[in-house]
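Peer 1: Each chain is listed here by its residues.
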Amino acid sequence: MTLEEEISAPQRGRGLLRAIFRSRNLTIGLFVLLLAIGMAVVSEFWTPYPPNALRIRDKLQGPSLAHWFGTDHFGRDVFSMIMAGARNSLEVALTAVAVGIGIGVPLGALAAARGGWIDGFVMRLTDLAFAFPALLTAVIVTAIFGPSAVNAMIAIGIFNIPVFARVTRGAAMGLWKRDYVLAARCAGLGDAAITWRHILPNVNHVLIVQATIQFALAVVAEAGLSYVGLGAQPPQASWGKMLSDSQTYIYSAAHLAIFPGLAITITVLGLNLLGDGLRDLLDPRVRRQR
Amino acid sequence: MSAPLLELDGLTVALGTGGVELLSGLSLVLERGERLGLVGESGSGKSLTALAIMGLLPEQMRVSGGLRFAGDDLPALPEERMRRLRGRRIAMIFQEPMTALNPVMSIGAQIAEGRRLHLGESRAEAEAVARRLLDRVGLPGPRFDLGLYPHQLSGGQRQRVMIAMAAACGPDLLIADEPTTALDVTVQAQILDLLDEIVEETGAALLLITHDLGVVSETADRIAVMYAGRIVETGATEEVFARMAHPYSQGLFAASPYGLDLRRAPGGPRPRLKAIPGMVPDPARRPAHCVFAERCGFVQPDCLRISPRLAPLDSGGARWPHLAACLHPRAGGLAP
Amino acid sequence: MRTAAPLLEVRDLVREYPLPRPSLFAPRPVLRAVQGVSLTLPAGSSLGIVGESGCGKSTLARCVMGLERPQEGQVLIDGEDIYALSRAGLRRARVKFQAVFQDPYGSLDPRHDVRRILLEPLASLQPETSRAERESRILEALEAVGLPSAAAGRYPHEFSGGQRQRIAIARALITRPALIVADEPVSALDVSIQAQALNLMMDLQERLGLSYLFISHDLGVVRAITDRVAVMQAGKIVEEGPTQEVFAHPRHAYTRRLIGSAPKPFSGRRRRARAAQEAPA
Amino acid sequence: MTSYVLGRLFALLLTTLAASLIVFLLMQILPGDPAAVMLGVNAQPETLAALRTKLGLDQPLWTRYLDWIGGFPFGDFGVSHTYSTPISQLLAPRIMVTLPLALLSMAISVGVALPVGVYAASRRGKPGDFLSMGAAQIGVAIPNFWLGLLLILFFALHLRWLPASGFAGWEDGLWRGLRSLILPALALGLPLAAILARVTRSAVIEALGEDFIRTARAKGLTSRAALWRHATPNALIPVATIVGMQFSFLLAGTIIIENVFNLPGVGRLIFQSIAQRDLVTVQSLVTLLAACVIFVNFLVDLAYGWLDPRLAAGGGR
Amino acid sequence: MQRIFASSLAGAILLASAGGAFAKDTLTAGEVLEPPGLDPTANAASAIRRVTYANLYEGLVRVAEDGSVRPALAESWAWSPEDLAYTFKLREGVKFHDGAPFDCSVVKFSYERAVAPESVNAQKGLFEPIESTECPDPLTAVVKLKRVAPNFLFGMGWGDAVMISPASAETNKTNPVGTGPFRFKRWVQGDRVELERNPEYWGEPARLSAVTFKFISDPSAAAAAVLSGEVDYFGQFEAAELLDRLRADPNLHVEVGSTTGKVMMSLNNARAPFSDVRVRRALAHAIDRPSFVEAVASGYGLPIGAHQTPAEPGYVDLSETYPYDPDKARALLDEAGVKPGTRFSIVLPPPAYARRGGEVIAAYLAEVGLQVELVPMEFAQWLDQVFARTDYDATIIAHTEARDLDVYARDFYYYNYVSPEYKELYQKYAGTVDDEARLELLGELQRKLAEDEPNVYLYALPKISVWNKNLQGVWRNLPLPVNDLTKVHWAE
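Residue numbers (the working numbering), protein chains in the order written: chain A, 1 to 290; chain B, 1 to 336; chain C, 1 to 281; chain D, 1 to 317; chain E, 1 to 492.
Note that these hints are calculated values from the structure, not bench results. Incorrect hints may have been included.
Where chain A lies over chain E, by a calculated footprint (3+ residues, C-beta under 8 angstroms) [claimed, not checked]:
{"hint": "1", "segment": "267 to 277"}
{"hint": "2", "segment": "360 to 366"}
Pair by pair, the computed Cβ-Cβ distance ranges are [claimed, not checked]:
{"hint": "3", "chain 1": "B", "residue 1": "D282", "chain 2": "A", "residue 2": "V42", "range": "22 to 32 angstroms"}
{"hint": "4", "chain 1": "E", "residue 1": "E255", "chain 2": "D", "residue 2": "L13", "range": "57 to 67 angstroms"}
{"hint": "5", "chain 1": "A", "residue 1": "G62", "chain 2": "E", "residue 2": "P205", "range": "49 to 59 angstroms"}
Pairs of lysine to aspartate or glutamate residues, derived as EDC-like cross-links and limited to a Cα-Cα distance of at most 16 angstroms, are as follows [unchecked claim]:
{"hint": "6", "chain 1": "D", "residue 1": "K126", "chain 2": "B", "residue 2": "E59"}
{"hint": "7", "chain 1": "C", "residue 1": "K264", "chain 2": "B", "residue 2": "D184"}
{"hint": "8", "chain 1": "B", "residue 1": "K274", "chain 2": "C", "residue 2": "E68"}
{"hint": "9", "chain 1": "C", "residue 1": "K264", "chain 2": "B", "residue 2": "E238"}
{"hint": "10", "chain 1": "A", "residue 1": "K177", "chain 2": "C", "residue 2": "D203"}
{"hint": "11", "chain 1": "D", "residue 1": "K54", "chain 2": "E", "residue 2": "E170"}
Built from N, CA and C at the ideal position, the CB exists for glycine as well.
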């Protein structure tokens, strides 16, 4: 009755593609992510209207053929702003996740490899970091260094560090007990080499899934910070800022509150679906349960 | 006499309707007081048989063929009636006492649960019985309090709790699925003894599932050897061990270190075990002919055409006929 | 036989583990997993260690594999105390001894193909080997364990449990070691597959002159493959001797109980009651 | 058990101290001299210096730290620069908003998530599972401040059932106060409920796959009884972890939600204090908040002991 | 207190049941900013005066809704040009809320405190002309001036010039004690200030029994509070875009009146390129003021061209001095040697006109090739960095004080505008008594400012206020940034 604890490598080539399309979650998630990236990239070259151009005479128009998502209180085209905002969201989120991975993963791997007081120290450090609610960290960081998209990235990134440290450590701890690690030791490999060759490749599916989750959280966090005025600053378009701007027009122009919120929700939803899909694809435990 | 306690008559379990057959045409009869050992390697379908009897197969599996308990056709029984049989008249002991017990529930509550459920006893009544049961299985109070949790017990002690749980409602049939596999040999011996005694005292029937020929030979009156979802040989334990008519039974025995003759000429090569070549076929790729033919050392051309049925080897008259599903059963015995 | 030092010698080995404190200020209790074990394994022979779970046999195995530094005592391989060696020295010494582990699923990195798995000890311990030599050594090792050369390009999950254990053995063989420490190498396998693996190990021993330190809880398996056997109980060796001798005439009460408890075919039901009476729990 | 609790308490204290030190040091980098801010535009240098002395801003760093943190055990968190009021007095009415809000949100989160999660797990793969998890998937994705806006739009402006913003206070009766917390608590609690429901579902599904469920079924329990009596208690262990983490998330969430709904709570006080460069208030509040999170994590650890007897005896996970 | 609680509860119940039948005598007033303290003589924040003026504290004189100076604690006064002295006849029997008596010694104390070197009074300049304050008898105060100061009396009507009792001067910040018709009840920091009727008021008692100032910084929350009836009166409503919605509510009265608030883009005249008048003019040409008002304040607001609003005397319409003309702006910039792509930053304090206005201006300036970095800043930091240390390029701010043309004549003010001509002109104006001539000079001052354009003047802040239809006696216009609730009452 031994359960086969096998982790099959993802199917290569066409097999992988087929696996992706077989999963509804992955398909939708990838589609949304690509859409967001596409909007962000295209907005660099082209938007229906310049996202920062004021056309005050055309302000607060509802959705129409000329302005798909209507115009805001300055007469800017909401659709163009959402396209441009995609870039800001993705940029901030990507950097924040990169910061988290770049620092958190080595920390977690170190803790798992060395154990003992190093592990204790790293874990207390993450405990400490977790004691500060993520948004609070961000509020303080931006209070000190001033509100800007870059500081939002740093602030959200700081919160991501303990998350990745924990996840890496947790996954790696289990792997260090595996016999193949003992075998690698018998082959004379040191902790660093084992971490690099055996541990990280085997935790990367966990990390990929976590990264998509954190990416989604970072999109929300960025929107939240921009919403309270601590994130992206004008003229940089940002979904969160659009929402906070919309708040006073909520009686007269509800579309201003609807579209940026939808953009955030759909992006986050897509990322979460992507994460779920990747988990199903990469994590054999879940796959077996199905 | 009325209907037998448990009767399998061509029991077949398939994945989905008309899908891959996991169990094919199992036939068995078991009466109260009898001990039947079901032996086979992993993937042979022994545990599935137990779950089929308990009516706890995964949803996507379909049962066909006869499966009767005290005359009731189990697959046709409504869930509510089936539920009332489970734990009350058919009880089961699982392999892994670590995970088969609920870690967050005290052992007393877990033992008492069945009695409260089936016999409508109050908590106090059921716990009084649980106390007696624990004493009986060798976990005397106050050292072994009802309030203990599974993690506070050793593996052998947990398995004793499992036995107490299974015996709680005085079942007619006790199914033990690899009850000692996870245990050390010395503990295994004690648990098997305990099981033996419980069956002796209650007169229940025992269906003992194991992969260990030694365990069945010491515990069971009768033996059924399974291979690839089929019973390939069955009969009284002594009979089967005396003859081992099916090449698989023989191979299984010869491959185990018990079968090894350690004598060797000084400096000569060490004697080898008689390994069965190849692997158990995947359920989806079982051949239409004899399932063992590909690995059989005595394979004949007709083995690759015909799927043999269980057939009696002797003239009959014995209480438990010796049957084998082989076109060319072996004749010679196997001396220890 | 050489007159030099035995291939493996373990002297008065002690390995303890600190346990969590029972209360905040209480001293840390210590689990003495191995309490002063001494062993000798001449080249070309096999020594079995039997005992029940928790007796310390796996800890002993890990100490011998150079994976866990003992608090006291020495592990000498070819007369060299491996724990007295420098990092590089230990690395050089590792060529001489390799390991096979119990779990055929956990002992192979699922992300590496067989070639990479086999290459790892070779590249790490014998970096001087040429590319061509490495290739030929891989083929040699695969052939030795009876796997086709095509196996090199495949991943562990594509193999059955028995085949995986062959790969693990091939990995242990690739540096052409003199000693293989095998910790329960066949306990996870079905009987028929287990027999294949044991036979393979016997073949290899005869062909390559290997020595085995063979750890198992399964008396039958130990009996089948070892020349000498040591019985461990609670961190100590309670009996040691030629395998046949120990099994035929166990001297220590624990050994007798162990052998008496092991189920045997043909024994019939009644034997069990006697065995139980002999040694009440 | 006691030594386990004591050990955890000790660790808790250390973590809190470390947190306070970090906050204190961070606050020193914050630009803007609080004395100058207090005195306003036309302050004379002498008055400024006098005020700095009065506030202790001329003391060395560590003295200021010790002075400040030394008051904590006695409920003395310093005096707000902007309001010239003891921070504990500022805090008291704010806590009466934020704490009920947090508890209400938590209650919504747990109250919605547990039944939905268990239900979905029991209906695994069926339409009920699909629907509830689809809703949860969307709930996870909706940012709470946007949900807040939508709730205002619908329940306050369209239906006019509940106040759109502001806090009525507890003086005029429980219901009036509660009314103004319902929408914010929903905005805060529902996305958390969605996360928790997903966690609960997978925890229950995992527990349902355990051997002891088969044991329970073999004992004759209905699948429903096995679900509730055996699977769910086991599933609560991972759920408790998430609940603990959500609490910290929740405290942060109040900062935004209190802004959306214009509630006079702790979160908005922090926000305002930062805006007004009221450093002592910021550092005290942030430290208290961190201590709160640490304490809740401690409670979760204790809850483990209660939920999982395996931990009660041995200690440590 | 118990009684008040009961009556307001009863009021609420009645409100809920009868809908229109009012037995209500309490008021909840909404305010955007919470005051940092409640002592108007110690801090510049206008939020303090918006709560305290006329309600809690009173001065010798006060300013009425039409901007005229009226008696308050002084029944009457006389100006004697020869010895440059005002003689105030003080009211008898006036008591502070704590029971302390009001007499000339209080006047002397208050004025001397305000001019003292260590005074932190935000409008120290108002008191600067005072030579001495003397008390011939307890009910007569003689204030001697150093020179003719036509604005002096008006200034004594400001919130900064209220009478402070020596006994409570130090604690007014948290526990204000004045002579007004309302007295302080409590302050729930961050949320509200509660006042109650002063039963021992010397004059006509307040009609309302209690007033609560509730601080709601978010405009949509403010709108929601007004719509739900949670707030009865909102004196200075910031979000003009919500007015249509408020107007649609039959229970509400929306009033767009005038204030003396001047929204402008203040420039640091000491910094290049703003030291060049051509650049300042170019900026003025680059911004389309009517559109700016439309975008920022939904059209509520009158474009202005100098530091003066129609609500102040002597206003001259100079709003067309620099009509919107991007080409001209570009030409001027070119002339001044400012290259396209030149960057500078605009500091934005929190109010919507600044935050939103910044975005609009950035867009306009981008049209003429200027790259603007917007730097949002909290007000405390703004006061420190911009106002006190003048470390900024440009900022957007509303000057709410009335008749404050003097700031350009000061030696130091945060614009760093230095113009001997203007200074001379202002001194001439300050020394002129004749009304006709004063108005003429006021016009000249404004024209001078429009010519030099030290700041880019944008629009006059309207007083947008909203109140319940049944509320009466509310100020429609705002000569001072205050909320005088002394005459407010509910319709019978």
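Peer 1: Are D:K126 and B:E59 close enough, with their CA atoms no more than 16 angstroms apart?
Peer 2: holds (13 angstroms)
Peer 1: Range first: 22 to 32 angstroms. Now tell me if the beta carbons of B:D282 and A:V42 are that far apart.
Peer 2: violated (51 angstroms)
Peer 1: Test coverage of the segment 267 to 277 of chain E by chain A using CB-CB distances below 8 angstroms; three residues minimum.
Peer 2: violated (count 0)
Peer 1: How does the Cβ-Cβ distance of A:G62 and E:P205 compare with 49 to 59 angstroms: does it lie in that range?
Peer 2: Distance hint for A:G62, E:P205 holds at roughly 52 angstroms.
Peer 1: Within 57 to 67 angstroms: is that where the Cβ-Cβ distance between E:E255 and D:L13 falls?
Peer 2: holds (58 angstroms)
Peer 1: Starting from B:K274, check that the Cα of C:E68 is at most 16 angstroms away, please.
Peer 2: Status violated; Cα separation ~37 angstroms.
Peer 1: Can the restraint linking D:K54 and E:E170 be considered satisfied, given a maximum Cα separation of 16 angstroms?
Peer 2: holds (15 angstroms)
Peer 1: Taking 8 angstroms as the C-beta cutoff, is the stated coverage of the segment 360 to 366 of chain E by chain A satisfied by three or more residues?
Peer 2: holds (count 5)
Peer 1: Going straight from one Cα to the other, do C:K264 and B:E238 come out at no more than 16 angstroms?
Peer 2: Roughly 13 angstroms between the alpha carbons, so the hint for C:K264 and B:E238 holds.
Peer 1: Please verify whether A:K177 and C:D203 have alpha carbons no more than 16 angstroms apart.
Peer 2: violated (31 angstroms)
Peer 1: Would you mind confirming whether the straight-line C-alpha gap from C:K264 to B:D184 stays at or under 16 angstroms?
Peer 2: Satisfied, since the Cα-Cα distance of roughly 15 angstroms is no more than 16 angstroms.
Consistency note: the structure conflicts with the earlier hints numbered 1, 3, 8, 10.
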